[in-house]
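Letter by letter, the chains look like this.
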Amino acid sequence: MSEFLGSPHALLILVLAGFLPNEIWRMAGLWFGAGVDEGSEVLVWVRAVATAILAGVIAQILVQPPGVLADVPDWLRYGAVAAGFAMFMLTWRSIFAGVVAGEIVLVAGKWWLG
Amino acid sequence: MALPPLDSLQWKSPLRAFAWGMSSVASTVLTLVLFATYLGIGALAHDSGFSLAWVLGSTLLVWAGPAQIILISTLGSGATAVQAAIAVTVSAIRLFPMVVSVLPLMKTPKTRRRHLVLATHFIAVTLWVECYRLLPKVPRERRIAFTHGLGCGLVTVCMVATTLGYGLAARLPPLFGAAILLLTPLAFLLSTARNCRQISDVLALALGLALFPLISMLHTGVDILISGIAAGTIAYGAHWWRERARA
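Residue numbers (this note's numbering), protein chains in the order written: chain W, 1 to 114; chain L, 1001 to 1247.
No wet-lab data here; the hints were simulated from the structure.
Any given hint might turn out to be false.
Covered, in the sense of this in silico footprint (three residues per stretch, anywhere, with C-beta under 8 angstroms from a C-beta of chain L), are these stretches of chain W [what the hints assert, rightly or not]:
{"no.": "1", "segment": "14-28"}
{"no.": "2", "segment": "34-42"}
{"no.": "3", "segment": "85-98"}
The C-beta atom is built at its ideal place from N, Cα and C for all residues, glycine as well.
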């Protein structure tokens, strides 16, 4: 049982360093967002900022790849995402087809490089 | 699997709406993406020496893939709790505009803030994208129950994946790790692209992708925030200018 739970100290750190600093932004969003109307013009801007921040997260993983993804050459990472996006457009926006195509290019490329 | 029509009697019961939300988990490929991502998070936690309860707790409480990966890798590499907390909170800022933009879809004139607390906790990229796709097909007064079902379903799938990944950690092939790490940008990109409704969204996505590499050269620590607000505001400006030209 203690192997499953680990140390109480680590669980406390999870709440203080993981849960609270993450959740505070959701609750701040609840505080502001609950008062905004669906048709409001401000929402168009907030949606655009949310989309652009997400685009930044995507770009960051590709430009500064974490962990073992850094072992994949740049051209293969960008190529795999480009192939995925091309397949997505060709299949009338099928996320499934796009994700599968991108992953196949990555795995095949990595396998071929050895 | 299709949801019942908006005027169907099936929507009369909130419990039914919750069940429809839960079964909608099976209607999206993003569930598979989450499953694979959480296999990776379980394995990473195992290799970094965390207990199974700890990583399950992080899936339940943090419920944001990038934040969990940052938390595990910073603490695992010996950083202090304060350093980890700062890195997590910077990565979580994106949740704020997501929550603000999606909550108005869920509320009715009678909704109080406290009714939205649990639904707000579930909001991360997947739920954000799926709410835009699914909520228009759900009667407004059942949308919170539906979102609770969808959120509980996704969390359950990810708890199972976390446990499996934790147990399998040593047996996962190295190529698998790179494939899982590519899933996040690939799935985020395609689901955000499908989520684009207005010209401002398309511009925000394209500009956000293009601006980040430039702004990251400044090494400010909040590069994503700067590039996101800049790209989003330019995109909104283009929308505003177009609307005005039309009027």
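Do the hints match the structure? See the list:
1. 14-28: holds (count 15)
2. 34-42: Contact hint for the segment 34-42 of chain W vs chain L: holds, 5 residues under 8 angstroms.
3. 85-98: Holds, because 6 residues of the segment 85-98 of chain W bring their Cβ atoms closer than 8 angstroms to Cβ atoms of chain L.
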